[in-house]
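There are 2 protein chains.
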Amino acid sequence: MDSQDFREAAISSIDEIINYYDNISSRDVVSNVSPGYLRTLLPTSAPVQGEAWATIQSDMETKILPGITHWQHPNFHAFFPCATSYPSILGELYSAALSGACFNWICSPAVTELETIVLDWLAKLLCLPGCYLSTGSTRGGGVIQGSASEAVLTAMVAAREKYLLETVPSDLSEEEREDVIAHKRAKMVVLATNMTHSSTKKAALILGVRFKSISVRAEDGYALTAPVLASALEECRAKGLEPFFLTATLGTTDTCAVDDFRGISEALEAYIYPPGSPGEVWVHVDAAYAGAALVCPEFQASTKIEQIAKFHSFDMNMHKWLLTNFDASCLFVRNRNWFVQALSINQAVYGNAASDGGLVTDYREWQIPLGRRFRSLKIWFVLRSFGVEGLHGYIRRTVKMGEDFAGWVKGREDLFEVITGPAFALTVFRMVGDGEEMRNERTRALCERVNGSGRMWVTSTLLDGSRFAIRFMTGVRSTEERHVRAAFELLVEVAEEIVNKK
Amino acid sequence: MDSQDFREAAISSIDEIINYYDNISSRDVVSNVSPGYLRTLLPTSAPVQGEAWATIQSDMETKILPGITHWQHPNFHAFFPCATSYPSILGELYSAALSGACFNWICSPAVTELETIVLDWLAKLLCLPGCYLSTGSTRGGGVIQGSASEAVLTAMVAAREKYLLETVPSDLSEEEREDVIAHKRAKMVVLATNMTHSSTKKAALILGVRFKSISVRAEDGYALTAPVLASALEECRAKGLEPFFLTATLGTTDTCAVDDFRGISEALEAYIYPPGSPGEVWVHVDAAYAGAALVCPEFQASTKIEQIAKFHSFDMNMHKWLLTNFDASCLFVRNRNWFVQALSINQAVYGNAASDGGLVTDYREWQIPLGRRFRSLKIWFVLRSFGVEGLHGYIRRTVKMGEDFAGWVKGREDLFEVITGPAFALTVFRMVGDGEEMRNERTRALCERVNGSGRMWVTSTLLDGSRFAIRFMTGVRSTEERHVRAAFELLVEVAEEIVNKK
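Residue numbers (the numbering used here), protein chains in the order written: chain A, 1005 to 1506; chain B, 1005 to 1506.
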């Protein structure tokens, strides 16, 4: 494929993509292929001779798109959004063209420097405390990770090393030190709640450290509070366990609850005083989805985001609700040295004057992988193309649709009960009925039937271990009020059928 | 940015990208900006109002490109290539448009199924033993990871869990079991050589397990051999350590050495017999760069790739030498259940009929992150667009240039000494001189001066802890023989100046 071939192929691809976006609502939201559908359509090995682009491209519509679930579809109300936008796609395009394994500053200074700059822009936009900026006095800063899972793993490794550095005496022999560490590792424990995203548990599993799940209460809105945390810390102490890491969530997966950041600080201060003492518990804030709402001052206030100044790391995914292609998980740390001391590995072949002189940031020391893509480009394009006002408008519009939806649901208390929300464009509700079993059965049937229609996609969850509920999310950019209204009407129609045993 | 704006912006971006590729050789290879250059050129926060695309795009040439080191430049002879191609860029474009967090099969069946299929295509193309195919009898298969570092970490977690499952008695109480595991963890050790890529050491650091570096010998061509491994295993046994993981390399970073796979098997079989016994050492093959050469039968034969049938995992980066954009690290495992048993985490919100019924692959259980991009598209486009013959042609052409280069270097023994290679388009050489110190000084000066010219970029390494050497790689797609010839002439010119003390 030479330059001219590429130009034609690219323009044709662009046109297909535009056509896909312009007509996405004519497709079913969820793919309805059967497992194994694609193997029957493709050859069993790569072709010996190269194929023409037109042949390859024609397979996109006929073989690939039938197997796509459309995350940009206006009737996608499942999980959280994975919002993209045209400026972001352009960022991916340039990033692909400028491909390099940019593990060091010198491997492309712009890749490192733009990342530091746009993450400072983002930190300011979200009104994160100044300690998370690269220019702040605590030597903080941001780094783009592939996912919130990698972010929490990175933070947890840094937390473990920090904890060991602070609590293992420095005057031991190598052998004594290894004994103490082995002994400590068996007692160190990661804390999270039963509403915390599974990535924290997975990170603990990967590191091979204990994991303790703290049950939050429905009456606290499924948020972690000071007394609940304090009692979990006491339980650990009684068992001789050493908590070193806690994930606090801003917008839990199930219900978009926001943990009580001030309460968490108070409970931790009572446990180890003062904050910053050796052996303090690292607090990582998982704001993967709802962190996007912090672009609006009203959510900075309602979540009390200023309280996280005492915490250690904060992560939000621009690739969920902030119009940026997967992947763009933005991880901020209060002191970047915590990452470097845990993740720095030197190898002769990577030596260079700028790195060796300590003049620059080498992001390979802030992450698990070595190489990295130029992901800050798409964030830069999105922030500039939409502007702060454009982002405000988008977040507020999707939140408003969630409020409207929740209002309509509440208006039909003969059919539905709102369990939580609306919170951050998410409403969690279920059907009413005599007793838990009937409510669950009805809600399950409702979920299956509306999804089976192909006209919308919602996902479900199980609260308190037994309450089956539907999550309805209105964050997708193409979703308009009319789509939400139609979805609500479908829900009512099916719910009435269920109540009337049709 | 509406559809029409996007069309214009995208076409203009495509034209800029073509222009960039067509004229890349007119640029200096390595960026010569100073640390912090970009902060002085950009505002300190995101704009309040959205900006026009033309404004954003014009910053690419004026502010970003000066900070780019050009990995696609024909005079890029540093590290390993990070080769891209037009079909691969189109794959990234479609992937960006179809953005979703495809953690489950149902989140887009095509994303999972195409990945399984093209990784089978690739396994066949590389002539990997059948056990690494998804259709093989051992239930193996491939998964795309972001980098070789994530691949080795994933394999190491799986290896640790497999080892513990096999060696910790199953009839213990919970408390006894935790004690045994804590005790074992303190003794478990990861093995690698001093030529193994640092990602293995980093993975061990992340998991918090011991790491033992085995020194390989210059007389073995810096490859790991049976007697060297056997003696390391005995050393571990004598110290009461328990080796559970070994990285074997096909194409080391420093010199592109290939470890002796048969010898490794023999040493391991003598250590724990028979292979497959409980507590066997997991062998991960890191073929990140040179694995690409396996598309050619001559390299399948010379590396004895059939020997890895007794090993456990194999990883190669299509994003290095196989014309596919970063990131596309292709990890194969002999039994996918090893990944699933180590990395599976269930959360109610992800439940769905296809997953719960065990009908499909959910790649989130084969990796650290939850969500994932549609990365198989670009691999599919590359394999189809180039065809097997196209890939043969490219690999052989770049290998041939490496052989030519090494030949020329050998032809000037008054100036140079080839230390290793040519191997997989990599030659490692240094300047001659009286004594080690003079050789090192001269070689260091040569490296600095040719890089300082802006006309090429080579990287260096330190062999045996003291021999400074230049690595010269000819794998970039735009590199032609004339570029290699010119680079050689520049090296000669500068070397003569150094010898003549100019």
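No lab work stands behind these hints: they were computed from the structure.
Incorrect hints may appear among the rest.
Since the list gives no way to pick one copy over another, a pair counts as held whenever it fits inside one copy or between any two copies.
25 angstroms max Cα-Cα, derived DSS-like pairs, lysine-lysine [claimed, not checked]:
| no. | residue 1 | residue 2 |
| --- | --- | --- |
| 1 | Lys1414 | Lys1506 |
| 2 | Lys1128 | Lys1314 |
| 3 | Lys1314 | Lys1067 |
| 4 | Lys1191 | Lys1067 |
| 5 | Lys1128 | Lys1067 |
| 6 | Lys1505 | Lys1128 |
| 7 | Lys1404 | Lys1506 |
| 8 | Lys1404 | Lys1314 |
Hint check:
1. Lys1414 <-> Lys1506: within (23 angstroms within a copy, 86 angstroms between copies)
2. Lys1128 <-> Lys1314: within (17 angstroms within a copy, 53 angstroms between copies)
3. Lys1314 <-> Lys1067: Answer is neither; intra-copy 51 angstroms and inter-copy 36 angstroms both fail.
4. Lys1191 <-> Lys1067: neither (52 angstroms within a copy, 51 angstroms between copies)
5. Lys1128 <-> Lys1067: between (44 angstroms within a copy, 22 angstroms between copies)
6. Lys1505 <-> Lys1128: Answer is neither; intra-copy 54 angstroms and inter-copy 55 angstroms both fail.
7. Lys1404 <-> Lys1506: Result: close neither inside a copy nor across copies, 33 angstroms intra and 73 angstroms inter.
8. Lys1404 <-> Lys1314: Neither. Shortest intra-copy (32 angstroms) and inter-copy (59 angstroms) distances fail the 25 angstroms Cα cut-off.
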